[in-house]
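We have chain A; now place chain B onto it with these hints.
Chains A and B, in that order, are what the protein sequence lines are.
Taking the numbering used here, the leading residue of the first sequence gets 1, the next gets one more, and so forth.
Taking the numbering used here, the leading residue of the second sequence gets 1, the next gets one more, and so forth.
It is possible that part of the hints are untrue.
[Said to hold, decoys possible] Taking lysine-lysine pairs in the DSSO-like style, the calculated list, with each CA pair at most 27 Å apart, reads: (1) A:K118 <-> B:K43; (2) B:K144 <-> A:K144; (3) A:K118 <-> A:K41; (4) A:K43 <-> B:K41; (5) B:K118 <-> A:K43; (6) B:K130 <-> A:K176; (7) B:K43 <-> A:K203; (8) B:K267 <-> B:K293; (9) B:K269 <-> B:K196; (10) A:K43 <-> A:K203; (11) B:K203 <-> A:K41; (12) A:K118 <-> A:K281; (13) A:K144 <-> B:K43; (14) B:K194 <-> A:K130; (15) B:K128 <-> A:K196; (16) B:K11 <-> A:K289; (17) B:K43 <-> B:K267; (18) B:K11 <-> A:K144; (19) B:K11 <-> B:K144.
[What the hints assert, rightly or not] On the chain A side, residues computed to face chain B include the following (Cβ under 8 Å): (20) E40; (21) L45; (22) V51; (23) C82; (24) L238.
In short, the hints are calculated from the structure, not lab data.
Just so it is clear, CB atoms sit at the ideal spot from N, CA and C, and this is done for glycine as well.
There are 2 protein chains.
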Amino acid sequence: MKETDEFSILKEFFLDLGNQFHDSSDLLIGPGDDAGLFSEKNKELIFSTDVSVSGVHFLENLEPNKIAFRSCVVAASDIAACGGSLKWISISLVLATQDKSWIEDFARGIIEFVNTYKVPVLGGDLAKGKECSVSVGVCGSIDKDNFMSRAGAQSEDDIYVTGTLGDAYLGLNFLKENRYLNDHEITYTNKYLKPKIEFEFAKELSLIANSCIDLSDGLLGDLNHICEQSKLGANLFLEEIPFSGTYDRALTWGDDYELCFSLPPSKEKDLNQLIAKYSIKATKIGVMKEGNKVEVFDNEKEIHFDQAGYNHFNE
Amino acid sequence: MKETDEFSILKEFFLDLGNQFHDSSDLLIGPGDDAGLFSEKNKELIFSTDVSVSGVHFLENLEPNKIAFRSCVVAASDIAACGGSLKWISISLVLATQDKSWIEDFARGIIEFVNTYKVPVLGGDLAKGKECSVSVGVCGSIDKDNFMSRAGAQSEDDIYVTGTLGDAYLGLNFLKENRYLNDHEITYTNKYLKPKIEFEFAKELSLIANSCIDLSDGLLGDLNHICEQSKLGANLFLEEIPFSGTYDRALTWGDDYELCFSLPPSKEKDLNQLIAKYSIKATKIGVMKEGNKVEVFDNEKEIHFDQAGYNHFNE
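So that you can see chain A by itself, here it is in the shape it has in the complex (with noise of 0.2 Å):
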């Protein structure tokens, strides 16, 4: 067998990452066997997946720690978004490269993660093709009474974003130019490499929030999903959310990360608490009502959109 073959690539380079957090985790088996083994008796548990690919997700020439570490972030992202713990994640590489140094780079991307949100990789798969994709499974606790859905919004209840929306964008754009960039474009670079997940603030929103969905997609895209499961329309006002560069490409281009929450008008006490105590930013930008639309008002004037939310189909 060649050296760089899968079994010892698995092997020097992805066998025991995050390996200190399976007990933490409840992790019996990690990578290494046909499944990982895991407990959890006293909650249910939350799983998504997320695919990122190359050139659609991430740009082609990304440093593959960059590329390893944004595709655990997006893919951990949902069980924020539902107000879970993270448990563990799973990683199914398809490599367009054989280049041991690139595989190690992406490793170091993975490690970065599991050492940042303190949980193992429980397992995963390798394979090559012409292009590299990574798909990403997460899986979290939670008690299901406090599962965040996107189902559970009701009428009158604020729509609240975390964070400034479009600075992933202007990140990204900025990531294209392929230059040297000063400090101040590196935090929208971060914001669009790194988006802060912030699991304590979301666990303890979901005692009081009726809906929650993370913006991947672009607020309105992800805002009209809260409304089509939750069977309600929604009234946004442009002067109240936070964004950077222009409105259109902050509320439809997504990569932000940030949550996007309702709540009942009687909670907002309870959350200017979470806030304080987690020192996140989160503004009040809108109404859920009646109807079946995400409506976007400029003081008062409705405004129209070309296109709702990111949609790589489109591109």
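Structure of chain B alone, referenced to chain A:
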């Protein structure tokens, strides 16, 4: 938004696959939210993922429903290899086409799988790319004391294999000939396209076997994983091994998804009862022993192989 975008595709073809099995799988929330919600409070859980890439794991011109079915089977096979019961599957699909009839036929293969094995689809993801790949996550339940590990083999265990090795390789080659196939030939292509997973047999086998692996990469390579992890060697007797075609391909190609397991000689009677109960063909082909490699003997003369197992990084 275009009609063929991600969300309309998901809604049209992938929304409720296997939802009649939500209750039997303790699945509380299926596809459509940020994550799927499920429960398993009495047993432990196992998870595995397998990625199948066009042109590597399946022929580029294979019908989409066959790509889908086979991708699910090869992933789910890992659950049987541990002795677990399949609970749900999750599918990340990278689409190289926007042809609706292709997608619809792919979904048909998923439906055939979930109906055959009576499990729901928990969720998944969809992206476009230059080449088709399917990453399937599979989750099963198990009692941790019965987990059939690759690391559990004992010296003097007998080594068994189910079915007949090499059938899948012959079937794959019939498919490559791209011509009308007769019924005899189709029995081989079915071994490649639709290996049958014997979950119930494997579950009972887990009570008596010391180690087990499913044969994805060929008997020699896969048994070598058992040897490495059990810190043992193995002697195989070629005259005992049931195979089709040539022995070198049958022992090194893989794709058969039969089970190879090691059993204490004292459990042979129990195994024979299981074999009769489930009408399984299982053949004693060798013995575990002290050492660190797999040795194959043809009437006491050792045979050497160029390659121990299928390794797609060598192709």
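So, going through the hints one by one against the coordinates:
1. A:K118 <-> B:K43: holds, 25 Å
2. B:K144 <-> A:K144: The hint holds at about 24 Å.
3. A:K118 <-> A:K41: holds, 21 Å
4. A:K43 <-> B:K41: Distance of about 8 Å is within 27 Å: holds.
5. B:K118 <-> A:K43: holds, 25 Å
6. B:K130 <-> A:K176: holds, 21 Å
7. B:K43 <-> A:K203: holds, 25 Å
8. B:K267 <-> B:K293: holds, 24 Å
9. B:K269 <-> B:K196: holds, 24 Å
10. A:K43 <-> A:K203: Distance of about 14 Å is within 27 Å: holds.
11. B:K203 <-> A:K41: holds, 21 Å
12. A:K118 <-> A:K281: holds, 24 Å
13. A:K144 <-> B:K43: holds, 18 Å
14. B:K194 <-> A:K130: holds, 26 Å
15. B:K128 <-> A:K196: holds, 26 Å
16. B:K11 <-> A:K289: Holds: K11 (chain B) and K289 (chain A) sit about 24 Å apart, inside 27 Å.
17. B:K43 <-> B:K267: Judged against 27 Å, a Cα distance of about 25 Å means the pair holds.
18. B:K11 <-> A:K144: holds, 25 Å
19. B:K11 <-> B:K144: This hinted pair is violated, its Cα atoms lying about 37 Å apart.
20. E40: holds, 7 Å
21. L45: Since the shortest Cβ distance to chain B is 5 Å, the answer is holds.
22. V51: holds, 4 Å
23. C82: holds, 5 Å
24. L238: Check failed: Cβ of L238 (chain A) comes no nearer than 21 Å to chain B, outside 8 Å.
The structure fails to meet hints 19, 24 from the earlier list, while all remaining hints are met.
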